[in-house]
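Work the whole structure out from these sequences, hints included.
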Amino acid sequence: MSEWIAIGALGLVAVGIPLGMMAVSAILRPAVPEQGKGATYESGEIPTGTARVQFNIQYYMVALLFVVFDVETVLIFPWTVIYRSALSQGVALSTVLWPMLAFVGILVVGLVWAWRNGAVEWVKSPLANRQKTERNA
Amino acid sequence: MTPDALALQTETVAAWTALAPAILLGLTGLALLGVDTLWPDDPSNAVLAGVAAAGSILSFAVTGWFLVAGTGQASTGGAIALYGDALVVDGMSLFFTLIFTVVTAMVVVAAYDYLDDHSHRAEFYSLTLFAATGMAVMATANSLATVFISLELASLPSYALVAFLKTDRGSVEAGLKYFLIGAVSSAVLAFGISLVYAVTGSLVLGDVAAAIGTPEMAGVLGLGVLMILGGFAFKTASVPFHFWAPEAYEGAPAPISAFLSSASKAAGFAVAFRVFVQAFPLEAVPAGVDWVIAFQVLAVVTMTLGNFAAATQENVKRMLAYSSIGHAGYALIGLAALTAGGPNGDVLGASMAHLLVYGFMNTGAFLFIALVEHWGVGRTFEDYNGLASTAPIAAVAMTVFMFSLAGLPPFGGFLSKYVLFYSAIEAGFWWLAAVGAVNSALSLFYYSRVVKAMWIETPVADFEIESRPVGLYTAVLFAGVGTLLLLPGFGPVIETAQTVAATLF
Amino acid sequence: MVGIFDFTPAIVLLPFVSFLIALAVGDHLPKGGALAGITATAGSLALAIGTVLAVAGGRTYDATLYTWAEGLEAVNLTFGVLIDPLSALMLLIVTLVAFLVHVFSLGYMNDEDETGLPRYYAGLGLFTASMLGFVVADNLLMAFMFFELVGLCSYLLIGFHFREPGPPSAAKKAFLVTRFGDYFFLVGVVAVFGTFGTAAFVGSESFPALAEAALRGETSVNTFGFAPQTWFTIVGLLVLGGVIGKSAQYPLHTWLPDAMEGPTPVSALIHAATMVAAGVYLVARMYGFYAISPTALAIIAFVGGFTALFAATMGLVKREIKQVLAYSTISQYGYMMLALGGGGYVAATFHLMTHAFFKALLFLGAGSVIIAMHHNEDMWDMGGLRSKMPVTYYTFLSGSLALAGIFPFAGFWSKDEVLYETLLHGLDGDPILLAAYAMGLLAVFFTGLYTFRMVFLTFHGDPRSGTAEDPHGVRWNVKFPLVVLGVLAAVAGFVNMVPVKKVTGLKIDFLHKWLEHGYAGLTVEHYGELLHDFPHYGSAGLELSPLGPGAVSLGLALAGAVVAHRLYNVPEPVEHTDRLGEIKTVLYNNYYQDEYQVWIANGLTRSIARAANKFDGGVVDGVVNGVSSVSLFSGSRIRRIQTGVVSNYAVLLTLGLTALILAFGLAGGWFV
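Chains as they are written, first to last, in my numbering: chain G, 1 to 137; chain U, 1001 to 1505; chain L, 2001 to 2672.
Simulated from the structure, these hints should not be mistaken for lab results.
Note that the structure is a prediction, hence the values are computed from the model and not measured.
You may find that some hints are simply not true.
[Claimed, not checked] Below, in silico cross-link-like pairs of lysine to any residue (SDA-like), each with a Cα-Cα straight-line distance of 25 Å or less: (1) Lys1166(U) to Arg1379(U); (2) Lys1452(U) to Phe2175(L); (3) Lys2172(L) to Ile1456(U); (4) Lys1166(U) to Asn117(G).
Printed below as a string of structure tokens:
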């Protein structure tokens, strides 16, 4: 008996269940075609336009920065948990502290660079620009 | 100070300093960001290129010093393992770092002119340096986890660099494709690593090797090994993971094409050599997981497909892209001609030496393309007609690159190919050498087309070449001189390569 | 002590210096560098004569001059010089012919006001230097490198008139076809290194000696899993690939007739003494390696015999005088190969020597005729030139008699010995040799026929065109080489009159004696032993009088000459070959050899290349629509790709990996 048979069986079941459910419901349900049923559901609103719209690049900028600091947190968290016990067990301060300082330092360089290059500046839309110039005028 | 004295000195300092080449590259990348932070609007191109070049040359010098002083080699007590065996500095890692750093130096010097009228230069240089950092770490990676991380560190900046010409649709498209194929390949690699971990219970290469003797899991192990192989095949642009290469090389800025096809490829080989030799040694792998045969298939298919496709191209850059795939096939011989108990150090060393020579001649060839793009001459063979009459020095250098790539004496490529094929024969794989030789012969056809176009044909249209860009010329000539000097200097190179390769077995 | 052998490198270097001079300052020299070339080749000739005299005194020389790569896993790559009777003889032939060709070029090129003379003389100089370097090479790799240089120079010289349509394509063809053979040679060189660790020709550590020792079980070499005999045959045949290309043997002979596009002195140099001779010389040089392999010998003999006959039939129908000579060259080199394969080492060397003289003579004579005819080569426009250019006529006749093998001209003696040796060894019970002999014998008749067809059409009968009635005169610089070679063509055969020796008992086989001394592993006796021990030539102990076979071949040659006389020695000859009908078309088109090779090159290689491109281009372009490749940067393509063709990459990549995994999984038994 090969372990691959089990894997194959798992695959079969995995494909079979959704196919079976769709097949069963197709057999059981009454077929009443109606236009409203085929429409895209968008929280009860009437759908407008396609889903392929351009998002402002700033969304991604913010999302990227968020991800960076999210990952940073994930790394810092376990570090803080072991920090005190590691020191108390005689590990040198430099061994424990410096790697995290270097890590944070690299992130800071990146953040400052991104800041200076306008990553956290909200986009200047033509409308906003015009209002700004009008206000200054 | 004698080398011995130097070696003694390095023993007294902390072990992590053995990573100095990679650290220097990373710090240079950060410094470039710092420059851009200080003058975000208009950082001086000269300052940026200078910092990048200084950093990579410094790193090159340190690597060379380590290599000569014997850091991580048998003379000073063997490989230096760091961070719980996650990284290891030995002769092979230093040898490959030498390739990366010198290619990086050439590329950033050439980029000085290439980027003359582009914005976002700081990003370009720093991404290049970060990618080089990733490659240097790849060469030292001794655990499958660091392998994956470093490979990503080298890849992610590369994706952005390929798409650097934001207004050029070809560049953007190539970058996107490269990224998508890279994502698939990374997934394959990660899956393979997980399967190997499942079988052996470790990610450190040495521990993996110790644990793969369990035959009941041979199937899963084999699956994992082949998937890891696939991940590396992506990095080295080997069939069937080569699809990205022609377009990425063609669409990317030419210095980046040089960088990817020389350094990035060598990095893929560095990590493939170490992982396969250290984690899956031929003496220990269970029957049925015979990865050497897989590499033989890949080597033959890759070199044949690359060369045949190159022969039919009309575009010089694309021809070089395919020829680069062909050269990946030659370098794969380093893994394909291994045998349990055979002259493995010689085979692997020959492949490493070929990659070093290739680093010079291929980088030079792509930088020549960069020079031609800088002049605004076209991309096809016809556009190169009569180039030698207006730019004789660069044309001589390109001729050297072409003939050296084809493996003609008296250039470096001749000896490295010769030794590579010879070592394959020595290991008993005369047919691999024969396929390689036939492919080299074919390659002469398309390489000589470039030479012929430059020297013999008369120009189709008049072109005006006003500028003699200093940086590009320096880089191209440096690569040309390197290619030439590697013929007399090949003795120490091959000796070093084969010695450091032999310690892996 | 400084001896004559210390000047051996100078033999090679002198023409090379003339190459440099012609290249650098040829424009400023009178005669476009010709005088430098003549001086250099005259110097080489003098040194070669000195060398031959020294060798005649029983001295030989072998020295490594320069080691250009060492420590490569115990293989050292060197340049060295090997002077023994064979190479000394060849040096003499090459320098003599090269010298005469340089002199002749004064008449053919300078007096005709050709342009680009420095380029021409530079090419000649480099060509001569490479050939001489090849001759004195003491190892296979050096021989290969000079072999390639010879090929390169022939490319440069054949394509001398590069502005006309024909010569560049002929040059390219010569280069590519010989190059095709050279690939096998290169692989053979690598195989020799891989097997023996050396490529030296001479000494106890040379590769022929090692091969012999291995077969006798005295030592062992790495034969890559084959039986030693099989492996040595394979290696020998690989090297033979280069020989077949350079010596224009079937099926790689097609370049030679086209090479006639080059200037005529170049044709004389290429086809008499240098490039084409290089192949045969190489086999003779490493004969100890071939003599231990019966299969290789049989193949050499059969290819030689077949080529001799095959080329002779094609020579029958050609219109241009140089074309006839081209096919006769192919045919004559076939004889040399036949001799080598049939165990006639001396016979082959002998024929190589006599052929060098009479073929150089014929080409130079043809050149003289071509000057006279204002560069019209069509024999049907000639006729009646005998009375107008007597020197050319009589020397040409001497060469033709030698070529046809008419007693007592040089060709008779050498060709007779070739056929005799082959017959003798064939009668031992080797049917392949007998078949090769039969073809060679039949070719004698055709040789007589086409040779005298050429002579009669050119010089006899009535003039058939205006130029033939009033030909252009030639000067001393054309006549002098013709006379020298004409005399040699008549008398060179006397150095080795084996039939006379057998009948009278006089010791007059000087060439046999000449080749008997020298290095122990490179003598005729040693080759005789090898031929006796391995292919068992002559082991039956047959005795055969040379008179019978000699009479038969002489009779056939005379028959051919007589037929030619009847058909063409008339005032108004007609194209009798028309009566052959379809056969003539086939012959005229050279048995469609070019067509099928072009088909192979075009149809096969290109389609493979195209298939590879298609595979990749198809992927790039979208497997879905399978449209052929256009530029990556065309707008519509980009849109198409952005809608997901990159997913095709991913699909193919995954499929490729899956195929790999499946293949290895099934082979490795993972799924059980």
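Hint by hint, here is what the structure shows:
{"no.": "1", "hint": "Lys1166(U) to Arg1379(U)", "result": "holds, 20 Å"}
{"no.": "2", "hint": "Lys1452(U) to Phe2175(L)", "result": "holds, 15 Å"}
{"no.": "3", "hint": "Lys2172(L) to Ile1456(U)", "result": "holds, 14 Å"}
{"no.": "4", "hint": "Lys1166(U) to Asn117(G)", "result": "holds, 17 Å"}
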